[in-house]
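There are 2 protein chains.
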Amino acid sequence: MAIADALSLLLGADRIDTTAAALTQHSRGESYAAGVMPEVVVYPQSTDEVSKVLRFATERGVPVTPVAANSSLEGHTVPVAGGISLDLGRLDRVLESRPEDLLIVVQPAITYPRVNEHVRRHGLFFPIDPGAHASIGGMVSTNASGTAAVRYGTTGDYVLALEVVTPTGEVLRLGNRARKSASGYDLCALFTGAEGTLGVITEVTLRLVGLPEAAAAARLPFPDAYSATSFVTRLIQAGVPVARCELIDPISIRAVNAYSGTAFPEEMTIFLEFHGNPAGIAAEVEIARELAADAGATAFEAATDAGERARLWEARHTMLFAANAAHPGLDSIITDVAVPISELPAAVASAMADCAEHGLDVHVVGHVGDGNFHLTLYVADAAERALAQGVVDRMTHRALDVGGTATGEHGVGLRKLKYMEREHGEALGLMQTIKATLDPAGIMNPGKKLPVRAPR
Amino acid sequence: MAIADALSLLLGADRIDTTAAALTQHSRGESYAAGVMPEVVVYPQSTDEVSKVLRFATERGVPVTPVAANSSLEGHTVPVAGGISLDLGRLDRVLESRPEDLLIVVQPAITYPRVNEHVRRHGLFFPIDPGAHASIGGMVSTNASGTAAVRYGTTGDYVLALEVVTPTGEVLRLGNRARKSASGYDLCALFTGAEGTLGVITEVTLRLVGLPEAAAAARLPFPDAYSATSFVTRLIQAGVPVARCELIDPISIRAVNAYSGTAFPEEMTIFLEFHGNPAGIAAEVEIARELAADAGATAFEAATDAGERARLWEARHTMLFAANAAHPGLDSIITDVAVPISELPAAVASAMADCAEHGLDVHVVGHVGDGNFHLTLYVADAAERALAQGVVDRMTHRALDVGGTATGEHGVGLRKLKYMEREHGEALGLMQTIKATLDPAGIMNPGKKLPVRAPR
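The listed protein sequences derive, respectively, from chains X and Y.
Just so we're aligned, residue 0 is where the first sequence starts under numbering that gives the first Met the number 0, counting upward by one.
Just so we're aligned, residue 0 is where the second sequence starts under numbering that gives the first Met the number 0, counting upward by one.
Read the hints as simulated data drawn from the structure, not as lab findings.
Remember, predicted model here, so these are calculated numbers, not experimental data.
Do not take every clue at face value.
[Claimed, not checked] If you want the ones that stay clear, here's a sample from chain Y, every Cβ over 10 Å from chain X, calculated:
#1 L10
#2 D13
#3 T46
#4 R92
#5 L94
#6 A188
#7 S226
#8 G275
#9 T297
#10 D304
#11 D360
#12 D369
#13 E422
[Claimed, not checked] Going by beta-carbon spacing under 7 Å, a handful of chain X positions derived as facing chain Y:
#14 G168
#15 L171
#16 N175
#17 R176
#18 S180
#19 G183
#20 G275
#21 N276
#22 A278
#23 A282
#24 V284
#25 E285
#26 G370
#27 E408
#28 G410
Ideal Cβ placement from N, Cα and C applies to all residues, glycine included.
Full structure from sequences and hints, please.
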């Protein structure tokens, strides 16, 4: 029996879609042009249905590619081996709210802004902010982070418990509701960042934190990438608990000015945010101001009022739209690496010089307090795509040269696979062994996260 | 050939000890009375020697129990199956210091106070403070935490990279030097808290944080456990980033007064510490003062001067010595659980009532900001030991009833094994599969962390 017919019998026809529209929609992700059609899209409505699909897929050897918000930038949701696109979009509810324990239990397809809408009334928030309207399940699967990681860490730091369905259809409950534990192996951490290659996450228990009493924002232009990133390195080394610390390059500010009709100085600019009580953050802002002056900042604008803070950060928030608008009709390649904090100035400067040398338009945005930064390269044709890929390769190898990582937060997906052997060495073999143990039929998100093990 | 002779040939005679003194010294841990002699104690001096020992042990099927500072409270270092006690004490050096990257690379037997001595000159510290002079390797292996976890998290949060030797002798390098990564499976997290059952940690790269500019301390007596822990729950819910938050019971304060000649009020007492800039922590102290008054605190003493802070916390620091001195010649059983923060008042009150009902002397100390607390029970004979074990059983099952964990920070070792099936359910099977995959001969720290899998 055809896969779609068998799944229709198993779950009911309303869970299955084989229309061209659905298959096309599920063929590709953001910033990843080369789509592949799945054979069928399945919309499970319960953990039990996910289990039935995976058991079926393992028995029949059918590939399964999970997807929810589909905001991945590295091709995670492209069903490169065909088979089932497992769309978890109907599993998007809050299952339990426990503000008194600073936690919430949600299904995987709920987005993080919706979690925050839900918990804000209790004075709480989930502090991970990757941008896009990412789903919690996707964020756990890539260990997403974003602008607030410098203070609050990554998604994995907020995963107290998971329900997962293994590739053979077994339902496992991992973790607990205490704020720390030394019991058992940390299987939550194994599934966090596994990019759907070890199973499907069907429930997430998230730790929450108290909304800060007050916030401050600052914007600091610098004459060049080196002075801007050197300031960041010193700020982090000084132990200032900055809540966000972002970098944007002059070309992007120019794009923002063109897009929004603003007149921000077109310089390498650092955006800061501080969280705490009013007296504490006022003192932190002053330390940042002194360090910025030492590092050569050409200005230092700061504000605590919400409207003023939004104005100071406007260029950061508008940047992606402005950059896209400046390159109509072009494909973008967005990449990310992370390096030890002292290596950040050289890493950013080298990447920008490499782009300039190859005549490539590049936008640089960095969660620079983590040593993590992104390039957005716009390409018009295959030749430019090849040049851009060269830039990405050299930037990634330079990051690995200095003890960094091929991806700080976007995950491996398809495009970073080729760096895994160099980054992980012998440990890659253990990862492949774990994968083979959990997924003996190799059905879960094949082609992502780990290169296929070479025959021995 | 006998094991000791074979190892002597392999590594040299000076790495081997089979004297009665060495075997006895390596037969037991702290707070765990029932010792078992190893056949031989081995002192490796390099990663390569650890690899040789493990390869030999896997080939010959010889059990290996790793040990460094031997400060575990749950019998982790007791070589219950005999064989090799692998004493890593000679691997205690700083390998590389990178203050500009806020990291340090150390060998496993270095203690955390020595790490802090080393990095303090750079204005940095490693903020995990479990008490005792624990080794970094042991702290990683149990995901230790302690008094500062409420602010700074657990040891695992500071592990950037590990070198580990697997049971078959393979040397793996895990992780990297960036502050975050989405590359590969998180194998550092798998080895963190594995209690030496998956291999031996031979190198740890630790993330460091900046020393706070200022600190404040406070001491708050309460009329009972319920009001004290309710205050803590509200303080955490209010999002005050308190750096330490400890509870001590009146019996322990009485023991301190007897031991030190002090006159601290013999009440249920909360000890707080705040880290930050002077203006910020002054504001935090005021919020804590208001919440304490609401919760019924009978006093609120606070200080910022170092000498005054030490005086305020003296009872906390002296407590273990004072409690031991109050029970000369008795064995102690120290246990720990963690519960969701709102369940803390009921959990502490129930445990104390249970002890009272059974006529057992109990000292309660809690890292209560995490929902984590300890009982120290002193027992004179087998009958009292059985009564104490009953208290531990009921306390642990109550913690699991409310979604907590059988151990917040001490680890499973030998004594918590019996709760693992209930706590982890089907996930225990996956843990056992991972263990069997990495350690096919079952040599690594047998009898700890996971119950042996039942034959199918």
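How the hints compare with the structure:
1. L10: holds, 23 Å
2. D13: holds, 30 Å
3. T46: Check passes; 13 Å lies beyond 10 Å.
4. R92: holds, 20 Å
5. L94: Fine: 14 Å to the nearest Cβ keeps L94(Y) off the interface.
6. A188: The claim is violated: A188(Y) sits with its nearest Cβ about 3 Å from chain X, within 10 Å.
7. S226: The assertion about S226(Y) holds, with a minimum of 17 Å to chain X.
8. G275: violated, 6 Å
9. T297: Per Cβ check, T297(Y) is outside 10 Å of chain X; nearest 25 Å; holds.
10. D304: D304(Y) is indeed farther than 10 Å from all Cβ atoms of chain X, at 19 Å.
11. D360: Holds: least Cβ distance 26 Å, greater than 10 Å.
12. D369: violated, 5 Å
13. E422: violated, 6 Å
14. G168: Status violated, d = 12 Å.
15. L171: Hint holds; L171(X) Cβ to chain Y Cβ min 5 Å, cut 7 Å.
16. N175: holds, 5 Å
17. R176: Holds, because the Cβ-Cβ distance from R176(X) to chain Y comes to roughly 4 Å (cut-off 7 Å).
18. S180: Holds, about 4 Å.
19. G183: holds, 5 Å
20. G275: With a minimum Cβ separation of about 6 Å from chain Y (threshold 7 Å), the hint on G275(X) holds.
21. N276: holds, 4 Å
22. A278: A278(X) check passes; min Cβ-Cβ to chain Y is 4 Å, inside 7 Å.
23. A282: holds, 4 Å
24. V284: violated, 11 Å
25. E285: Cβ of E285(X) sits 9 Å from chain Y, so the hint is violated.
26. G370: holds, 5 Å
27. E408: Result: holds, 5 Å to nearest chain Y Cβ.
28. G410: holds, 4 Å
Checked against the numbered hints above, the structure violates hints 6, 8, 12, 13, 14, 24, 25; every other hint is satisfied.
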